[in-house]
Amino acid sequence: MEASVMALISAAIAIGLGTIGTGLGQGNAISKAMEAIGRNPEASSTIRTTLLIGLAFIESLCIYALVISFMIMGHVK
Amino acid sequence: MLEIGYTTIVQVFNFCILFFFLNIFLYKPLTSAIKEREGQIKNTLDEAEGLNIQAQSLKEDYEEKLKELKKEAQNLIKKAAEDGEKVKSEIINEAKKEAKYLTESAQSALKLQEREIFQKLKSQVAVLAVAMAEKILNENLNLKTHQELVENILKRANKEC
Amino acid sequence: MHAIEFYTKEILGFKLHLDTLLYSWGLILFLIFLSWLASKKFKIIPLGFQGVFEIIYDYLNNLAEGMIGKDSKEYIPLVMTIFLFVLVSNWLGLIPGFIPPTRDINTTLALAIVSFLSFNYFGIKSSYLILAHHQGKPKGLKNFLIFIIKGFWKWFSHFFQPTPALWNSLEGVLKYLMVPFLCLLFFILNIIEEFARVISLSIRLMGNIMGEHLAVSILLGLLFMVAKLDFVSAVTTPIIWASSAFVMIIGALTGFIQALIFAVLTLSYIAHAVAEEH
Chain A
1 MEASVMALIS
11 AAIAIGLGTI
21 GTGLGQGNAI
31 SKAMEAIGRN
41 PEASSTIRTT
51 LLIGLAFIES
61 LCIYALVISF
71 MIMGHVK
Chain B
1001 MLEIGYTTIV
1011 QVFNFCILFF
1021 FLNIFLYKPL
1031 TSAIKEREGQ
1041 IKNTLDEAEG
1051 LNIQAQSLKE
1061 DYEEKLKELK
1071 KEAQNLIKKA
1081 AEDGEKVKSE
1091 IINEAKKEAK
1101 YLTESAQSAL
1111 KLQEREIFQK
1121 LKSQVAVLAV
1131 AMAEKILNEN
1141 LNLKTHQELV
1151 ENILKRANKE
1161 C
Chain C
2001 MHAIEFYTKE
2011 ILGFKLHLDT
2021 LLYSWGLILF
2031 LIFLSWLASK
2041 KFKIIPLGFQ
2051 GVFEIIYDYL
2061 NNLAEGMIGK
2071 DSKEYIPLVM
2081 TIFLFVLVSN
2091 WLGLIPGFIP
2101 PTRDINTTLA
2111 LAIVSFLSFN
2121 YFGIKSSYLI
2131 LAHHQGKPKG
2141 LKNFLIFIIK
2151 GFWKWFSHFF
2161 QPTPALWNSL
2171 EGVLKYLMVP
2181 FLCLLFFILN
2191 IIEEFARVIS
2201 LSIRLMGNIM
2211 GEHLAVSILL
2221 GLLFMVAKLD
2231 FVSAVTTPII
2241 WASSAFVMII
2251 GALTGFIQAL
2261 IFAVLTLSYI
2271 AHAVAEEH
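Those protein sequence lines, which keep their order, are chains A, B and C.
The working numbering applies: residue 1 is where the first sequence begins, and numbers increase by one.
The working numbering applies: residue 1001 is where the second sequence begins, and numbers increase by one.
The working numbering applies: residue 2001 is where the third sequence begins, and numbers increase by one.
These aren't lab readings, by the way, just hints derived from the structure by calculation.
Each hint should be verified, as a subset may be incorrect.
To be verified - Each computed DMTMM-like pair below joins lysine to aspartate or glutamate, with the alpha-carbon atoms no more than 20 Å apart:
id, chain 1, residue 1, chain 2, residue 2
1, B, 1097, B, 1116
2, B, 1035, C, 2074
3, B, 1144, B, 1134
4, B, 1028, C, 2074
5, B, 1035, C, 2071
6, B, 1088, B, 1104
7, C, 2040, C, 2054
8, C, 2041, B, 1038
9, B, 1028, C, 2054
10, B, 1035, C, 2058
Nothing here was measured: the structure is a model prediction, and the numbers come from that model.
So that you can see chain A by itself, here it is in the shape it has in the complex:
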């Protein structure tokens, strides 16, 4: 297998694994937030803000994977 092909595959694996973790994390966060809102609907605005910021933090992990995969792709000539 050529190095460039391996680089392409590794870039795909990087972003794929990164999205799996991020997706699990975000799903967990959203489900917990929904539970919290269901239990205490008065605090929904606070929970929503915190949830959005937390989601963005989790998403940044996925973004790191994306950046890494782009960096790997950049080496494919």
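Put chains B and C on the given structure of chain A with help from the hints.
Leaving out everything else, chains B and C in the frame of chain A:
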């Protein structure tokens, strides 16, 4: 893709320029406007509180005054009723007195008139009687007996009256 | 594809990303013009632009008051400038054909460096202020030098932070053997943390905006590929339109949240640096 270069330094410089200009154009007027508004709101609230207290005291004053006025009005009405009663009884008394006086005076006047009439009648009766007796006795008596007779009759008439 | 490639030109021997720079200059001019327009007729009753700016100011101020306390107003201008710059830059990328300057690592790195410098500056300043509050202003050159060194040490000692707590919990000879090792370890960890802050701030923002911009430009590029008069293009064109609109809506949300996160993280780093000295 991740090409870090001199652009970073230029961007830091750009950001500093933006910060400088926004400080002049945005934050200073904004903070001063917010401060001004806070001061104004505070002033207005204080004023409103003062006015509220004033209004409260005024209201209490007015209520007291109103109570006093009500009392006064009731007193006045009572007084007026009493006065009316008094006047009424006075008027009635006066009217009664007057009526009594009027009836008395009318009665006395009547009596007086009666007596006058009676006396006139007496004198006339006497004259008539003398005339009649003269006419009758002209033929029978002389003057002397005539006089005695008349006097007797008169005495009798006086007794009878 | 301009999402991951830059129009690079050499000016006076410096390689510069001209597209990023031009767009950020335009953005800066726009922001300055907008704020000038808003501040020209500032009134007691906030209407129009003034209201928008005041809402942002109040929101950030409330956040800062929760984190820092009473003297939070000092840090708002910097944080709000970062927020406005990042927000307008992110939303600029939603207009087809426009380039968001935050898609370039140089811009985000510059912002992160500004954030880094500011929270270190505020940390040093607050440590000096606290020192001056405790012992009064120094008189004479010698006292002044001692004051400067003391204040600097007050700030610098936070790089060894958990060491004193561990020092108290250790016992015996081990205490004295472990201390240099612990100091070195925590110093390295803290320095890494400081730089990790810069890197994570810059790469998070850059990756988000670049990814979103890339998705939009790929979808809009597909439109040109299917621009033919046949059945396939007739079916795919509305789908592509709908999906690019969806990505744009998500991008608007992402852009706002990323700007907010950049500002809030800067604020929390400042709060950490300021509160540590108490």
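Hint by hint, here is what the structure shows:
Note on residue 1097 of chain B and residue 1116 of chain B: the hinted pairing is violated, with a Cα-Cα distance of about 28 Å set against a maximum of 20 Å. Straight-line distance between C-alpha atoms of residue 1035 of chain B and residue 2074 of chain C comes to about 15 Å, which keeps the hinted pair within the 20 Å bound. Pair hint residue 1144 of chain B plus residue 1134 of chain B holds up; C-alpha atoms about 12 Å apart against a cutoff of 20 Å. In summary, the hint linking residue 1028 of chain B to residue 2074 of chain C is supported, as the alpha carbons are separated by about 12 Å, within the 20 Å threshold.
Proximity of residue 1035 of chain B to residue 2071 of chain C is assessed by CA-CA distance (about 15 Å); at most 20 Å being required, the pair is judged to hold. With a CA separation close to 24 Å, the supplied pair residue 1088 of chain B and residue 1104 of chain B exceeds the 20 Å bound. With a C-alpha separation of about 15 Å, the suggested pair residue 2040 of chain C and residue 2054 of chain C falls inside the 20 Å cut-off, and the hint holds. For the proposed pair residue 2041 of chain C and residue 1038 of chain B, the alpha carbon gap of about 18 Å is at most 20 Å, so the pair holds.
Using a Cα cut-off of 20 Å, the hinted pair residue 1028 of chain B and residue 2054 of chain C holds, with the two alpha carbons roughly 12 Å apart. For the hint pairing residue 1035 of chain B with residue 2058 of chain C, the CA-to-CA distance comes to about 13 Å; that is within 20 Å, so the pair holds.
Violated hints, in rising order: 1, 6; the structure is consistent with all others.
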